[in-house]
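K.L.:
Listed below, chain by chain, are the residues.
Protein chains: 2
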Amino acid sequence: MNAIHIGVLGFGTVGAGTIKVLWNRKEDIERELNMAINVTRVVDADWERERPLALPPEVKGSNPESIIEDPSIQIMVEAIGGVDPAFEIVKRALRAGKTVVTPNKELVAKRGRELLSIAAENGSELFFEGAVGGGIPVIQVLKGQMSGDDICEVAGIVNGTTNFILSEMSQRGSTYESALREAQRRGYAEPTPTNDVEGYDATYKLAILASLCFHSRVDVEKIYREGITGILPEDIEYARELGYILKLLAIARKEGEELELRVHPVFVSTDHPLAGVSGVENAIFIRSTARSITLRGPGAGGEATGAAMVGDIIEAILNMKYNCRGRADCACQGELTIRPMEHLTTQYCVRTHALDCPGVLARVAAEFGKEGVSLSAVKQPVSTPGEPTNIYFLTHEVEEARLQRSLGHIRALDVVRDVFTIRVG
Amino acid sequence: MNAIHIGVLGFGTVGAGTIKVLWNRKEDIERELNMAINVTRVVDADWERERPLALPPEVKGSNPESIIEDPSIQIMVEAIGGVDPAFEIVKRALRAGKTVVTPNKELVAKRGRELLSIAAENGSELFFEGAVGGGIPVIQVLKGQMSGDDICEVAGIVNGTTNFILSEMSQRGSTYESALREAQRRGYAEPTPTNDVEGYDATYKLAILASLCFHSRVDVEKIYREGITGILPEDIEYARELGYILKLLAIARKEGEELELRVHPVFVSTDHPLAGVSGVENAIFIRSTARSITLRGPGAGGEATGAAMVGDIIEAILNMKYNCRGRADCACQGELTIRPMEHLTTQYCVRTHALDCPGVLARVAAEFGKEGVSLSAVKQPVSTPGEPTNIYFLTHEVEEARLQRSLGHIRALDVVRDVFTIRVG
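As they're listed, the protein sequences go chains A and B. The first sequence maps to residues 0 to 424 in numbering that gives the first Met the number 0. The second sequence maps to residues 0 to 424 in numbering that gives the first Met the number 0.
So that you can see chain A by itself, here it is in the shape it has in the complex (with noise of 0.2 Å):
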């Protein structure tokens, strides 16, 4: 039986995960692959904290040179984080030929085309299904199964903490921050929650899957981006009145040659498959001209991102063994145009922050009118006069530009305080 050596980079949630996920059927695998499996060295800054899993003293290092200097090992895991540095490290281990898995969405997405193609010019090769919906399978799905699809669309929601954040209000009537403070106190949200709630994790994983999906290099900054934070409760209610949920989603669409890609608040129809997703479940909605799949999961997790590192690494044993490397190599080199925000054409949910005083309602519809933009329903709810209100206008399917222009206008009327958009759909 040959062997195979791990060099495991960041002993965290992730790193502790991968190796109790590949401990606990480690002898049914090493049998099914007819090859011994040994994590020879994992490697941690700080050996100090409290950790979910022991390891035996020998294989515990602090110095990524240890595992990169070290030609016993095939394959490293890398579950450090972040870009810097952890593109360095990866680019070294690919150029000494070695395969990396990797959970790290804001390493491939900024710098995956160029870690892949560093890949195939070593032949080693780059595996990332940790990196999108955590223990959800979508990578392999995207490029396996459905890459003779043609995809029209992919759909997700790849945020446990905003996906959590967002159902604390739905079902409880939180508000965002209580609903935020919540998040926190489980440990689903970081103590500066920006990265989650703002929408960049999810540009990251888009870039990902919209890549995977369309063939495409794809720049993570063209992807248009709204996060949660003015999301209120009352918002939530008027979606449901209407047979919405409202989602945190990440969506891709071919339009011709042209891909709309965006992170933000949607209105999602409560048939819609994403829209039973709650709490910090992720899913991800794939529609092709021959299919509609949607993959649902753990959004994150170290058994779960585990156990899709751990896929990856007998994926990459199987390459080793069949001398078949860079076989399911990421057919991305496409270059699809971006479509501008304001050529979308959608519904919108717009909420004004009025003076309840006469007239209001018709000065707001009217500026709708005067630029086109026909509505489909308007709420507004019993105030006290002379107050602030929230009054609701929902549109029919109108382009972006279009809809922008009427705000504009809208937000100068002196009776107006605020603005607020939600898409439908």
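There's no promise every hint is true.
The list treats identical chains as interchangeable, and a pair is accepted whether it falls inside one copy or across any two copies.
Result set (DSS-like, lysine-lysine): computed pairs, CA atoms no more than 27 Å apart in a straight line [unchecked claim]:
1) K253 with K221
2) K253 with K320
3) K109 with K253
4) K25 with K253
5) K109 with K320
6) K19 with K253
7) K25 with K59
8) K378 with K59
In case anyone wonders, no lab produced these hints; they're calculated from the structure.
Based on these hints, arrange chain B on the given structure of chain A.
P.N.:
This is chain B only, laid out in the frame that chain A set:
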């Protein structure tokens, strides 16, 4: 550019769907694989029938030998269905070194192990993504990403016909008979619907799923099976009252070194990922020690299943190109013991059809009590004195053997006309 030659056996829904999906992105797929893909022979018994796709006359044939005996054909698509003569034809094609791609669940469930070993001996391969869940990429996920997972359970809505009928009954209050007629009218059910409505089709798919999940041989004949022909609209209504939805599920669970294997109607909790899957859609829920994943999509249809076939064809071509056939061989060589149904422990909904006369409820309840079956809920609807009526009993968790003993006593009561059982969970 090298060329791949494909022969298609059977030009029905799936055969034509496969060719259509393949042609749809042919140039792109060829460029990505750097390989020309030619459908050089399509064999069908009857070329008079109207088809959704026109073929050049030179590829049309009527003799399977023209595929099996043609050494230039490397991949055979088998789309004729059934075991006989498909088994012999596939066997000969595999022996001739051809890779076979098939959506034939009965063939794979009953003879898959034998065919896989013939493939392994002859350096050929057998792919069968389309055999379970139509366009849902569950086979690749189980053979690939989740092959390292310690899977505890797989549960699926794997038959679109029965899911459509149950959805019709649930959404419209239809009887089984009228929902079946509607399914037949839409082409979702065969004129003789036994294979679907009695659960045979689901057992084939469960055998395939379970063998992949649990790395074990699974004998179709050992799967416990009940269909949906005895379901009443009132059963679905009672499920709804209790917070459940009624589904025909195919379930395999590992309990220690034993395997539960069963296909029957189930009261599914409305917050289960399978609960929201209605109509002809299919979905498969897979739970491992590390993650719970749900894959949802079209369970049938020419293009959906055709897309799964094309996914397999691309895998097959990659394995030829990289000279790594056999790379993802099925590891289904274990032999788990099938747990007898009497050992199942779950909750049960028992519907008794009994005369509405004094003391009936007490007499039935007493029989449960004598066997130690405790009740969680009871419902006796308003009825006409002296007429038979349906009384529902929901038990707490109890072993099947004990429940069946109590049902034996209940059936023997002079006031009881019929007893029907639906499992919960």
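K.L.:
Hint by hint, note whether the structure agrees.
P.N.:
Going down the list of hints, with the structure as the test:
1. K253 with K221: within (15 Å within a copy, 47 Å between copies)
2. K253 with K320: neither (38 Å within a copy, 30 Å between copies)
3. K109 with K253: Cα proximity of K109 and K253: one copy only (21 Å, versus 42 Å across).
4. K25 with K253: between (42 Å within a copy, 18 Å between copies)
5. K109 with K320: neither (30 Å within a copy, 31 Å between copies)
6. K19 with K253: Classified as between: cross-chain Cα gap 21 Å, same-chain 40 Å, threshold 27 Å.
7. K25 with K59: within (20 Å within a copy, 50 Å between copies)
8. K378 with K59: neither (62 Å within a copy, 62 Å between copies)
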